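Using the sequences and the hints, build the whole thing.
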Amino acid sequence: MKNEYPLFSGALFLIVFVFACQQTAPLAPEENELLDGPTEGLSTEQQGQFLKGDQAFAEVFTIEKGLGPIFVANQCSSCHAGDGKGTPFVKFTRFGQPDTLGNQFLNLGGPQLQHKAIPGYQPEQLPAGATFTELVAPAVTGLGFLDAVSDADLIELSDPDDANGDGISGRPHWNNIPDYVTLRPNTISKNGMYITRFGKKGGAYDLLHQTSGAYNQDMGITSDFEPVDPYSRLETDPEVSIQTVQDVVFYLKTLKAPIPRNQDDPDVISGDLIFSQIKCASCHTPTLKTGFSPIDPLSNKEFHPFSDLLLHDMGTDLDDGYTEGFALTAEWKTPPLWGLGLSKDAQGGSYFLLHDGRATSIEEAILLHGGEAEQSKTNYAELSETEKQQLIKFLGSL
Amino acid sequence: MKTFISIFPKQLILGFLLLAITGELHSQVIDSGITRTPVDTSKSMLNMDAVYNRPFLSGAKMPVAVGGYLEANSIHSTEDGVSEGLSFQARRMTIFMSASIAKRIKFLTEIEYEDGTKEIGIEFAAMDVALHPVFNFRGGIIMNPIGAFNQNHDGPKWEFVERPDVAANLLPATWSNAGFGLYGKTHKGDWVLGYEAYLTNGFNNNIIDNQENKTFLPAAKENEERFEESNSGKPLMTGKIAIKNRNIGEIGFSYMGGIYNKFEEDGLVLDQKRRIDVLAIDLSTTIKKTGTYLVGEVAFIWVDVPSTYTQQYGNKQRGAYIDIVQPVFKRKILDWENATLNLAARFDYVDWNVGTFNENNADIGDELWAISPAISFRPTSQSVFRMNYRYQWQKDILNNPAAKTATWLFGFSTYF
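Top to bottom, those sequences are chains A and B. Per my numbering, the first sequence runs over residues 1 to 398. Per my numbering, the second sequence runs over residues 1 to 416.
Think of the hints as simulated: they come from the structure by calculation, not from any bench. The model shown is predicted, which means the values in this text are computed figures rather than measured ones. Note that beta-carbon positions come from the ideal geometry of N, C-alpha and C, so glycine has one too. Hints are not guaranteed to be accurate.
Quick list of simulated restraints, FRET-style, between CB atoms [stated by the list, open to error]: (1) B:371 - A:100: 57 to 63 Å; (2) B:416 - A:294: 49 to 55 Å; (3) B:359 - A:289: 37 to 43 Å; (4) A:276 - B:347: 37 to 43 Å; (5) B:104 - A:115: 55 to 61 Å; (6) A:302 - B:393: 35 to 41 Å; (7) A:28 - B:241: 45 to 51 Å; (8) B:360 - A:165: 39 to 45 Å; (9) A:115 - B:246: 24 to 30 Å; (10) B:369 - A:27: 17 to 23 Å; (11) A:186 - B:356: 48 to 54 Å.
Computed footprint of chain B on chain A; a stretch qualifies when at least three of its residues, placed anywhere within it, have a C-beta under 8 Å from a C-beta of chain B [as the list claims (entries may be wrong)]: (12) 68-76; (13) 308-316.
Have a look at this one:
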């Protein structure tokens, strides 16, 4: 027995040890604390494709895989970390279009500045005389819902001539589209142009358009859709397959809509009311609905993005003198506010809001509103301190 | 509590050929003429002697001695509540063979099979010519002596299933290259002084262009060409000085540096010359009073990353680890005369990207912390059963809230 004693005590010790450590296993964060994850109700096949798209979204492009030679970043998820917003570290510059007559600097590398280069190459420099804007990445959550809103609904929401006299006009971005996109059911065209809705100027028709452009312009990765390399400006063999691009598009479509938190908090409830009272909701439309979608959980659903997907004149402070398509330089698409409270967790712990991340708090973002939102901003400034806090708490709960 | 000295093989080192030179070879006949050469427990061994100081088997009439070790484990890990399930891993099997070719000339090779046959590598294959104890020549595929773990990495020597992060995920573990150089050793009283200096092939662009998306020296191990040609056309210089006091412990200072990129080919200039420089300090000691064994390493890395490339790949890195091993008992259990039980803890720290972003001066993340408590049981000094728990905090490059991972590892490692 004497001999076995150490063995027994050893075994006992192990059991205690296992038990003690088990208690410290990291817990999963609550589902509503995370931006990533699939929309509920996908079939197993759809979950499989979601997973493939998720992996492709995180794929690191090396030089061998075709990165660059000039580029901005080497991975979708390095700009859209955790599917959330980006930080100034990976912001990029677009330049060369001061009006609706098209980009004047296409032959000098416009519209996007690839300011990084693989070793041995020189990156692009901003050409003299080009107006430009800087953009930080938006979150990519819930995009399938935004994609499935019908054109007719967007037209319905718009008020280009401010017929109701509230100072807020809002118009869809009628734009040219590339021929590789598939038109959405019941899409509406006007003089050969279509309503484009993705991107900060709302310049991209759908997620395929946005994704192919991102591969090409952000990473220097050519595809069958966008085969011209930004460095050589010549067509090259595709560096990403059609299937991979489609998987990423599917992934973006089926990423869940952010889930709001603390909805029973009385401050949040009051903040919600204030949000409508001071006319934030006139652009940041709380509720939209989808039309038919072949992806069942996205079909004919109400959802709450707090955006109208329309262009608004935001005044001189936010006018960088650069634009895309037929938007004006002061016009920006209303960004969805869902997930706003979680954006810090993807931005290294601080807020970087508005198109270029210049606002480091929600309040600062509000106070930089102008143009059509001038009245709304003034309303905000006139709120009592408590009301302001309630509004901000509400925004943080989204 | 002297017990630990005898069970921590890092201290008990063989020095097969060194012994041959000094004629102090003790052998133990197992049966039918096969002899097991035990590791040398004399305290004049340094980390640099570890390649030769291993348990070997040799036949009476055979000039070749053979040894090796196996490492296997089970792993269960949970990252932020999401578990990968339970897996079994046969991490590596290593075989080494040594031969005395003639007086003063010896040969040793170490061949490693990692993850089954997924990765097979010659980690070491060198000829040594002993001209004088302070002057030995070594050439072939040699292990660059950066830090101590790289030289002294045999699984059965450690109480942990995982290799220290600084040694495996910052510095490349078992980093070897074709090259040659000199080494030697001298002692006076309780003091031992050793040096090594080699010129080898070295790194390539993979260190700043890889799937890890960070400056990652181990990525250069994927370059098989390094046994055939230097990627940059310039040699990598590695040097180490180790000092040991038999009563205190050992400290090593090592440096490795050179040009890593292919700056020209066929006479055409492709890029400017870019350097990598690595500094490491290793330490090991035993606290006599308690028998506690301490071993650790710190490393600093500087890489010339083009400023027009992305800061995703950092130009400065650092890391450290320390193992604290406390023998609890040593006694006869079943048929094992000197079975020992140890409690141990390891602290890992690695920062793959030290600095701030050019765009907004924000601190760059990309760092990891981990703590691993362990229990190990050694029926003999050549085999170890070990149970580790590892809790890790890892921050992405933007310094977002750390991903937390808890891992259970249970495994064994044994020389054969």
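Outcome of the hint check:
no.	hint	result
1	B:371 - A:100: 57 to 63 Å	holds, 59 Å
2	B:416 - A:294: 49 to 55 Å	violated, 60 Å
3	B:359 - A:289: 37 to 43 Å	holds, 39 Å
4	A:276 - B:347: 37 to 43 Å	violated, 53 Å
5	B:104 - A:115: 55 to 61 Å	holds, 60 Å
6	A:302 - B:393: 35 to 41 Å	holds, 40 Å
7	A:28 - B:241: 45 to 51 Å	holds, 49 Å
8	B:360 - A:165: 39 to 45 Å	holds, 42 Å
9	A:115 - B:246: 24 to 30 Å	violated, 58 Å
10	B:369 - A:27: 17 to 23 Å	holds, 19 Å
11	A:186 - B:356: 48 to 54 Å	holds, 50 Å
12	68-76	holds (count 4)
13	308-316	violated (count 0)
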